[in-house]
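Q: Take a look at the letters that make up each chain.
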Amino acid sequence: MAKILIIEDEQFVRELYEELLKGKGYQVEAAADGEMGYKKINQGGYDLVLLDLILPKLDGIGILEKLKQEPAKKPNKKIVMMTNLSQDEVIKKGKSLGAVGVLVKSDLTPDEFIKQVKSYLE
Amino acid sequence: MPIKSQNSSQIKKEITKINQELYERNVELAIRNRTLSILRKMYDVINTSLGIGETAQRLIEEIVQDLKFKKGFIALVDKQSNLRSIAVSTSEPEEQQVLDAFKNPFNKFTVSLKNKDNFCVYSVVHNQRRMTNVLYDILVPLVDKEDAERIQKELNIQTSILYPIVFANKVLGVFVLGMDKHVGYLSRAERETLRELIEVVAIAIERAEIYADLKEANEKLEELDKLKDEFISITSHELRTPMTAIKSYLWMVINKKVGKISGKIEDYLNKAYISTERLINLVNDMLDVSRIERGKIELKKEKFTIADLVNEVIDELMPRAKELGLSLSAEKRPGLTKVKADKDKIKQVLFNLIGNSLKFTPKNGKITVSFSKKGRYLWTDITDTGKGIAKEDQQKLFTKFGRLERSLVSIAESGGTGLGLYISKQLVNLHGGKIMVESRLGKGSTFSFSLPVV
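In order, the protein sequences belong to chains A and B. Straight run, no breaks: the first sequence in this note's numbering ends on number 458. Straight run, no breaks: the second sequence in this note's numbering ends on number 440.
Since the hints were derived computationally from the structure, they do not count as laboratory data. The reader is advised that the hints may include incorrect statements.
Claimed, not checked - Below are the EDC-like pairs computed for lysine to aspartate or glutamate, each with C-alpha atoms no more than 20 Å apart in a straight line:
(1) Lys428/A <-> Glu216/B
(2) Lys242/B <-> Glu448/A
(3) Lys212/B <-> Glu425/A
(4) Lys329/B <-> Asp443/A
(5) Lys243/B <-> Asp447/A
(6) Lys451/A <-> Asp301/B
(7) Lys287/B <-> Asp424/A
(8) Lys214/B <-> Asp424/A
(9) Lys242/B <-> Asp369/A
(10) Lys451/A <-> Glu298/B
(11) Lys282/B <-> Asp424/A
(12) Lys246/B <-> Glu355/A
(13) Lys242/B <-> Glu351/A
Unchecked claim - Example chain B residues on the side facing chain A (calculated, C-beta under 8 Å, incomplete):
(14) Ser219
(15) Ser222
(16) Thr227
(17) Met229
(18) Thr230
(19) Trp237
(20) Ile266
(21) Lys282
Quick caveat: nothing in here was measured; it's all calculated off a predicted structure. Every residue, glycine too, gets a C-beta built ideally from N, C-alpha and C.
Sequences are here, hints too, so could you generate the full structure?
A: Now the structure itself:
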């Protein structure tokens, strides 16, 4: 079953997404800040990484920049940004650094969230 | 008188007089020419967007050099009511050494306007030209009398003349020139020249000040704009984050993912869920408007069949239509409706227009979507059997917050942000299309928008 990493500092959102994904049978790991998130993403080997952009200690773009400079030990198949920001420039930058898509959290019901994850995992 | 009887010495005197006049006229002409060339150089300086200091510096150098003065400086009134020099003509190294020894009184010239015994101050305060053979009058209280005498002797300044710099009846400062001759040696032409030049200096300084103010105002505006963008971005993020949690957890309970719930609980939670969605829509709308106004919307155009998109939207809205007892359908026009546009944005427009029809059409009404091709544009029409819109109100429709009645009742009844039609109009316009409404009170409405055909 696919291995998914969630890097999200908001506790309620992180716990919800963890619960939803585990409920669908995925292997899920989570990090609550940018440094922890970078450690895990650097170890690599995930089929999907859901990367929040606003994070304490090291933000999402910072993580992507570090990965660009030094690739992860084991490659990650796909990195998708998660955000409630509306700044298109930030999202564009993330895409230029290797993120393949973006999820706007406040727009998704739990079902829609799962649907999006599934479509990225294909 | 016959020529013969004229004395030859008298003729010689006449010729000498005429020669003298000719000479003086030539001198005046030369001065005139020189004035014109100085003026041209000065206009060149003015027309470059230099800061006020550089403008004044170049002007004083021109004037002192071309008119052969010994020293010149321009002092302006600053915001603390001091007269402060902003430009001083450069001196030969030997003369500069002398000035350095006396702590550079021209460059460091700062005198409060209260110092009435200083001639520069007097000139500014009374808007009067002045003149002096005593350099101390210019420099008091920056140097004492003996030092002023020394400077005057070393720089060989005989007379100093002072002109107030006036623009639109306001005295901006003073223009001071030191000559190595007595002022009486200035011809009328030279004095006129000087007056003209000072006027130009006044214009130049005023212009440079206005330009500097404008630049500052622009920088402040840009700063404010950036702050506004940051504020909107951060606020939207901060608002949407807790709303994500509320919406998601409510959804989980309502959709029975954590066990059964009784009717009343389900009812209350549904209401909470709908309210959260309204909040999220409000934030999204405000963000859209902000992005539209900043010109930050980028269209991702693709070719697609708009009839298919309409069907998607109808599928999503059908439950609501059924609830409201309304029929909702679209005509089938296979092959007609291919357009090139940003699919997400057009979906947003369709949601807005069809959603509005659902809101404003009473029970048992009908909403239909139809298509027509006019020239290079495909028109999509959404027709409803709703209450219609009065002619006078139709203009307000596509403006921001363009609700038809400003009463509290109507705000409650119509819901929404009042931004939907404004956003739809902007999005359609960005595609090069048009949006409009045809409606009569009591007879329903047709909202139409066009998109370029593929």
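Q: Now, for every hint given, state plainly whether the structure supports it.
A: Now for the hints, and whether the structure bears them out:
| no. | hint | in the structure |
| --- | --- | --- |
| 1 | Lys428/A <-> Glu216/B | 17 Å, holds |
| 2 | Lys242/B <-> Glu448/A | 16 Å, holds |
| 3 | Lys212/B <-> Glu425/A | 14 Å, holds |
| 4 | Lys329/B <-> Asp443/A | 17 Å, holds |
| 5 | Lys243/B <-> Asp447/A | 11 Å, holds |
| 6 | Lys451/A <-> Asp301/B | 18 Å, holds |
| 7 | Lys287/B <-> Asp424/A | 17 Å, holds |
| 8 | Lys214/B <-> Asp424/A | 15 Å, holds |
| 9 | Lys242/B <-> Asp369/A | 32 Å, violated |
| 10 | Lys451/A <-> Glu298/B | 17 Å, holds |
| 11 | Lys282/B <-> Asp424/A | 8 Å, holds |
| 12 | Lys246/B <-> Glu355/A | 19 Å, holds |
| 13 | Lys242/B <-> Glu351/A | 18 Å, holds |
| 14 | Ser219 | 5 Å, holds |
| 15 | Ser222 | 5 Å, holds |
| 16 | Thr227 | 5 Å, holds |
| 17 | Met229 | 5 Å, holds |
| 18 | Thr230 | 4 Å, holds |
| 19 | Trp237 | 5 Å, holds |
| 20 | Ile266 | 5 Å, holds |
| 21 | Lys282 | 6 Å, holds |
Taken one by one, the earlier hints fail for this structure only at number 9.
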